[in-house]
Amino acid sequence: MENLGGIFNPSSPEMEAMAGLTYYIIGISVVILGIIVVAVTYIIIRYRKQHGDNSEPFQNFGDLRLEIVWTLIPIAIVAVLFQLTCSTMRAVDPPIGDHEPDIVVTGHQWWWEIYYPKSGVITANEVHVPVGKNLLLRIESIDVIHDFWVPELARKIDAIPGHPNHIWLSASEAGVYLGACAEFCGTQHANMRIRLIAQTEEEFNEWQKQELVIPQTPRAGLTGKGAQLFQTKACMNCHTILGTPAAARIGPNLTHLNKRQTIGAGVLTNSPENLAKWLADPQKYKQGSLMPNMKLTESEVKAIVAYLEALK
Amino acid sequence: MSTKIPLVPENIKPLPALKENEGMLSWVASVDHKQIGIMYLLASMVFFVIGGIEALVIRIQLAQPEFDFISPEVYNQMFTMHGTTMIFFVVMPFLIGVGVYLVPLMIGARDMAFPRLNALSFWLVIFGGILLYYSFFTQSGASEVGWFAYAPLSEKPFSLNKGPTYWVLGLLAVGISSVASGLNNIVTILTMRIKGMTIRRLPLFVWMILVTSFLLVFVIPVIASAFAMMLLDRLLGATFFTPAHGGSAILWQHFFWGFGHPEVYILILPAFGIISEVIPVFSRKPIFGYEFVAGSTVAIGLLSVGVWAHHMFAVGLGNVANLYFSLASMLIAIPTGVKVLNWVATMWGGKIYFATPMLFAVAFIIEFVMGGLTGVAIASAPIDWVVTDSYFIVAHFHYVLYGGSLFAIFAGVYYWFPKFTGRMMSETLGKWHFWLTIVGFNMTFFIQHFLGVMGMPRRTYTYQDFPYWGSMNLVSTIGALILALSILVFIWNIFVSLRSGKEAGNNPWHAWTLEWATSSPPAVHNFDLVPPVRGRRPLWDLEHPDTPDEPNAKVV
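These protein sequences, in sequence, are chains A and B. The number in the numbering used here is simply the position in the first sequence, starting from 1, with 57 added. The number in the numbering used here is simply the position in the second sequence, starting from 1, with 1426 added.
Careful: at least some of the hints might be erroneous.
[Unchecked claim] One side only, chain A facing chain B, incomplete, derived with CB under 7 angstroms:
{"hint": "1", "residue": "PRO131"}
{"hint": "2", "residue": "THR145"}
{"hint": "3", "residue": "ALA239"}
{"hint": "4", "residue": "PRO339"}
Bear in mind the hints are in silico, worked out from the structure with no lab data behind them. Ideal placement from N, C-alpha and C gives every residue a C-beta, glycine not left out.
Using the sequences and the hints, build the whole thing.
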């Protein structure tokens, strides 16, 4: 069942609670549907008009006792369902109190900015978390409404401009959990994907340490040419690279791009070849994306790719 | 005796005389409720085909992962226009149209209370439809922000094309039309009933139209004012819904769903009405628990205006609000369950004749219960957090709107077609239509429940090749093609039956409500003589003078 994903592979205590409730309610629903189907099937077979029988059946106008019974039964079912709803809600969404968020996720058209306020790390589309820790996430949006959804781990929560939200998130086991934006947010809503990477405490700390490194800016050779192009070709108007004047936050922070698994919030796997394809024509892979085709020549693309790959 | 001021004034200017055989003009200039009703049905049929084609385009694009049939912009236009069309230009005009045609006949009246207003309502729908579809011919095409048009995506900085403006204008026209026809229905039902047709004897279809009309009058102004605010935002630079300038994105959602949820009941209550007429007639028994079926409708109507934020559980309104809206939404299951059980009890002990209207009515019960049960499940906020904005929701509301509203609409068309046209529809083609619909509909939508809980989000023009996603979507697409075939059979059936259907006579189904007492199609003035109304089933009383429904009823 695990490879079906979503509700079939709940991987956090919160998701287990929600999946359990869902199974329970679906179970009750199947029983109710079954009763109706059996009753209707019986009626279809038993009370079908016989050929040639034109008499009228007994005219029954109703029965008050039956009406009371089948009003009370649904009331009882609703009462049980409501009680379960309350308890599950308490388990999934406890009050945040005065906790400070561990991670701030900001939705952009069409990518995610991931910020760790305690360490200062800023990355994009890939959320690294230590396994087993219950983390508080703050969900914001810079433009339109998005929704942060990692189906195997947590509830959906909208990212709304001017209305920050919080959720608790944890991952019981190490691994990569895929997610996506779940609120329609424009042309490339489909390609606004999330990778949640759950790792051991040591791996997580090591990753965080590397992310904080401010790389040397190359001065010579192909990488040096790339660095220069990055500053002159308008890349820096939208992107940040630590240690350079490029500090804009319109597009993803590219300082440690070479350690990420995908490009364009999930449209391409991250490799030098794919990065070159992406830079040559981002609109081909993500039509409508806010990254324009910069009309770079082949050699310019090569240089910028070399530069971005060399940042360590 | 003091002279009473009549609620419905006499026409100062006489209504245009209805001469038969005047060709197109007699339709375009008509204020006759029957002609207007038929025009409503034809218009909704045309929009149904358009909306259906949009649905097929959507399903073809999703047939395979990473498929390249249409661009993301076109896909987003397709699902926006599909939803808008089906809700505002197919199901609403159909149900209002059937109501306009049948309500005066069922209560023994000559016409609606305000015939000219009735015509205005109809033409405003057409006008709105033209405005909406004209947007396809503007520079960047139709609206691509969804039928819910969430701000700020639908606002100026993020949607610079003209699509959403035309969308708002078109729907404003439809909104005015809906309020007008709601008022018209309310006044007609409350003041124009024939002697003996007390409120407690109203046919259930009329009851449901009455409750629906109150909903129209109360909730359409909510969205109409929100539309006006959005127009101000888009055209004059107001900032009601733009957080960057001090507006609120969530406010739009409250307005939209404050209308949008009661709208669901506007789409389903008249459908309940159709089912409550069809099932008794084909079971040869009166409706079981008339008072409970009527009363539960009122309960649903009242509850429906207090549950809107169950569409907003992911917004982060806080657990107190979420709990209230969970409970209120679950409560709707109670009156709805009462209705379903009363329909089943009506069939129990009957002598059921399975003509096509009854096939659709019985299938309606099963399919609607499916949609209703998933509806109760997602009323629970934690379940909603799992499945909202996923394909589970797409499956859920198609079970309610197709398996519910449209199945009832099909039942209604097969049931009243003889009255509308004087001819029977073909039973053979009707059964083809029915079985193709059952197979196609369930194939398209049942599997989407699973896609949803596996994590497939809605409104995405493409998806990655995760295990089984491709094959499950392909099944859904094939189902949609079968469904399209069933619609072709349905339209073919209408054409064939219009030309060469069997003569119907006044009352082919041996039904009991007043519309069956007049000729088929009814004369311009509706009735030569309305039979006396001494119970809920005037034609039963007429046929069975020894065992009338209300033996002690006063003779008027």
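Could you check the structure against the hints above and give me the numbers of any it violates, in ascending order?
-> When the structure is compared with the hints, only number 4 turns out to be violated.
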